[in-house]
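Colleague: Chain by chain, the residues run as shown.
There are 2 protein chains.
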Amino acid sequence: MIIATTKASMFSATGLTGVTGTLRWDRREGAARILAAVLALSFALPVCAAALPSWRASPSRAAIVEFVERVARPGSPDFVAQEERVAVFDNDGTLWAEQPAYAQLFFAIDRVKAMAPEHPEWAENETLRAILSGDISAALAGGERAFMEIIAATHAGLTTEEFAESVRAWIAAARHPATGRRYTEMVYQPMLELLGYLRDNGFASYIVSGGGVEFLRPWTEATYGIPPERVIGSSLRTKFELRDGTPVLVKTPEVGSVDDGPGKAVNIDLHIGRRPIAAFGNSDGDLQMLQWTAAGEGPRLCVLIHHTDAEREWAYDRASKVGKLDVALDEAERRGWTLVDMKRDWSVIFVEATAALERRPPSRAAAPSGDRAAGVPTRREPASGAPEGSPTADPAPTQD
Amino acid sequence: MIIATTKASMFSATGLTGVTGTLRWDRREGAARILAAVLALSFALPVCAAALPSWRASPSRAAIVEFVERVARPGSPDFVAQEERVAVFDNDGTLWAEQPAYAQLFFAIDRVKAMAPEHPEWAENETLRAILSGDISAALAGGERAFMEIIAATHAGLTTEEFAESVRAWIAAARHPATGRRYTEMVYQPMLELLGYLRDNGFASYIVSGGGVEFLRPWTEATYGIPPERVIGSSLRTKFELRDGTPVLVKTPEVGSVDDGPGKAVNIDLHIGRRPIAAFGNSDGDLQMLQWTAAGEGPRLCVLIHHTDAEREWAYDRASKVGKLDVALDEAERRGWTLVDMKRDWSVIFVEATAALERRPPSRAAAPSGDRAAGVPTRREPASGAPEGSPTADPAPTQD
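First to last, the protein sequences are chains A and B. Residue numbers for the first sequence follow the working numbering, beginning at 75 and rising by one. Residue numbers for the second sequence follow the working numbering, beginning at 75 and rising by one.
So that you can see chain A by itself, here it is in the shape it has in the complex:
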């Protein structure tokens, strides 16, 4: 397992933007960091790029630093007012790992299994039946809509508060099927540093995810320093009800928004009402978000995280079913967007695991074999340990 060696800059104190409440930060550096943040925000001085220690010297790092200095340094001919420094980030595959399948799918699988006894009718549903039989590939074959179908079946009927509580409980306990880490430990350390670097330079960063907005909000602030009001995602419609005189919002099975592909540009406009000047994604689902960002006037930064590291993470692009990067990769080459080569550009992949993390073998394994992309190296097969009914195991990335 690769463990991040640099955690000091994981979060920076913002002091003034209202997100410090739940952030962990190093008390010993506290005063100096607050002062630095106040100065940075008050006078908009660019904060130096030493804040990106896990980024090796590379064209991608240079492009990011050059862009930030262009837009954030007073007197720069391309200076951008602070309120217009909006950056948008895809989540799955951009801020945290998305293989062998989206975390929210594992959350939903756990809910399907727990709720199945009360829902005999699910045996009639192809997608849900596939999950219950452990065949995630089949369940995923329906694409984004099948994913939303699973989400709707398992999330609907809960109040928003009940749902948030179920997410909090799951995210604190669940383990990634391939690595045994908590999902919040599948977060990319270099991207945390990048979020902090942008924050220190007056950017407002938003998550714009194909995942459910209510699946994200319970943990994004503690994990990324991104508060609930800056999280945009797919959603089910909710319904206002009075229960014994107390208002609740109940999740319905009706899809409100699929925040993927063109939906990302649509939702950025609906929720933010400003065009971002920087966008970060990793798949074709991020194409329109990057196009929308790129089409504004003035300096723009469009970045694709390219999953090239089969040893420390996963290597996949054009042929992957999860996080497919094909059309957007061509577009990046044509438009000169910035490609981050994870293997080459990042000295560390994942955040440091919490001290309390008990090492243990994967409690559940999952590897939709159909999702194994051409070009993704064959991994060793699991020796054992996959619980009955679990999908085929895709073992943890190896440490190099």
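Worth flagging that the hints you see were computed from the coordinates, not collected in a lab. Mixed in with the good hints there might be a few duds.
Same chains, same names: a pair is fine if it fits in one copy or spans any two.
Unchecked claim - Below, in silico cross-link-like pairs of lysine to any residue (SDA-like), each with a Cα-Cα straight-line distance of 20 Å or less:
#1 Lys313 - Gly370
#2 Lys395 - Gly216
#3 Lys313 - Leu232
#4 Lys313 - Glu218
#5 Lys398 - Gly335
#6 Lys398 - Arg408
#7 Lys313 - Gly330
#8 Lys313 - Val332
#9 Lys187 - Ala246
#10 Lys187 - Pro151
Since the structure of chain A is provided, determine the placement of chain B on it from the hints.
Modeller: Then chain B, alone, in the frame of chain A:
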């Protein structure tokens, strides 16, 4: 015409929250105000209520000030962390006047008239035909859905940027049918002071309006100091398209969200993801927003603006078709919510008109007679000047 006598505190410098870019403020007081704002935000000291000069000493003013001091003063047993200090404001009838009909309706009427020659099929549509014949009462008879129908017919097909441009042009030129003022001069001075007072005490204020989000955003920052990302409203769905390789978002006639009644609670949850601790409305359309706010734990402030001033503005509540306040008025009495009596509590109603405002008779008058509520005094009939085809004029409120 009533003109606000106090403008100094109309906006306060925030310095750090990214909204100063387009705000007007008094340069002579600039440095002192920035310093005060920095201190207020950094150390969360309550800013004193002298910031509410247009509010007479009254129970409503006392309730507001007491609440703000409870939640914003460090050491208060009811202290609320700054990031949780979320306030939500209805717009029509709460931040600006909504009589004799919503401003966006007049915007849409102007568009219907301009676009009608190209749309002979509108003669078949009951609502649009009513507008073209000057019968706004009939057009409004279909309620919220008719309103959205008008909006869809006249707004759809434009790109979001074309639409924003049409709003900017209209809001700069259009005059209120009863007063001849610009619509942004139909804004309530005491509410601007309240927005500034909350801002100075670390609150993030959002508009949550039944009006269209894209109708609001082009002018809310300059008018209220509320930036685009804090504006929530009704919306038509938009569609991402590439036109000659350039991405655009095109408004469709399909309703995305009706941000009224229960829709306000739903959208607050969807867009903000935090429950507000303060809510301000004026009609039954704000009931669920106030209920949702009130139901949270800890101190809450729920306020209804009661239109009681037939001389300086309009007096209406239970029987009005526009801004009907009936069920929510009962709920306010039952729950002890704060009622603002506009006639009694406000020394000034409207913001000061801009110096450039040329006084002229109403260019268009409108008074859906069916909207004249019981209890709203009969106004003098217009002497003349209503263009042919215009609805019956409802003359300007008189100065007392």
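Colleague: The structure should be examined with respect to each hint, and the outcome stated for every one.
Modeller: Consistency of the hints with the structure:
1. In this assembly of identical chains, the alpha carbons of Lys313 and Gly370 lie at most 20 Å apart only when taken from different copies (18 Å versus 36 Å within one copy).
2. In this assembly of identical chains, the alpha carbons of Lys395 and Gly216 lie at most 20 Å apart only when taken from the same copy (11 Å versus 48 Å across copies).
3. In this assembly of identical chains, the alpha carbons of Lys313 and Leu232 lie at most 20 Å apart only when taken from the same copy (11 Å versus 30 Å across copies).
4. Taking CA atoms no more than 20 Å apart as the test, Lys313 paired with Glu218 passes between copies only; the shortest distance there is 18 Å, against 23 Å inside one copy.
5. Proximity of Lys398 and Gly335 under a CA criterion of 20 Å is satisfied intra-copy only: 12 Å inside one chain copy versus 41 Å between copies.
6. Proximity of Lys398 and Arg408 under a CA criterion of 20 Å is satisfied intra-copy only: 18 Å inside one chain copy versus 56 Å between copies.
7. Taking CA atoms no more than 20 Å apart as the test, Lys313 paired with Gly330 passes in both settings, with 11 Å inside one copy and 15 Å between copies.
8. Within a single copy, Lys313 and Val332 get their C-alpha atoms as close as 18 Å, and across copies as close as 13 Å, so both meet the 20 Å cut-off.
9. Taking identical chains as interchangeable, the C-alpha atoms of Lys187 and Ala246 lie at most 20 Å apart only when both belong to the same chain, with a minimum of 19 Å there against 58 Å between chains.
10. With identical chains, the CA atoms of Lys187 and Pro151 are never at most 20 Å apart, being 57 Å at best within one copy and 44 Å at best between copies.
In this structure, only the earlier hint numbered 10 is contradicted, and the remaining ones agree with it.
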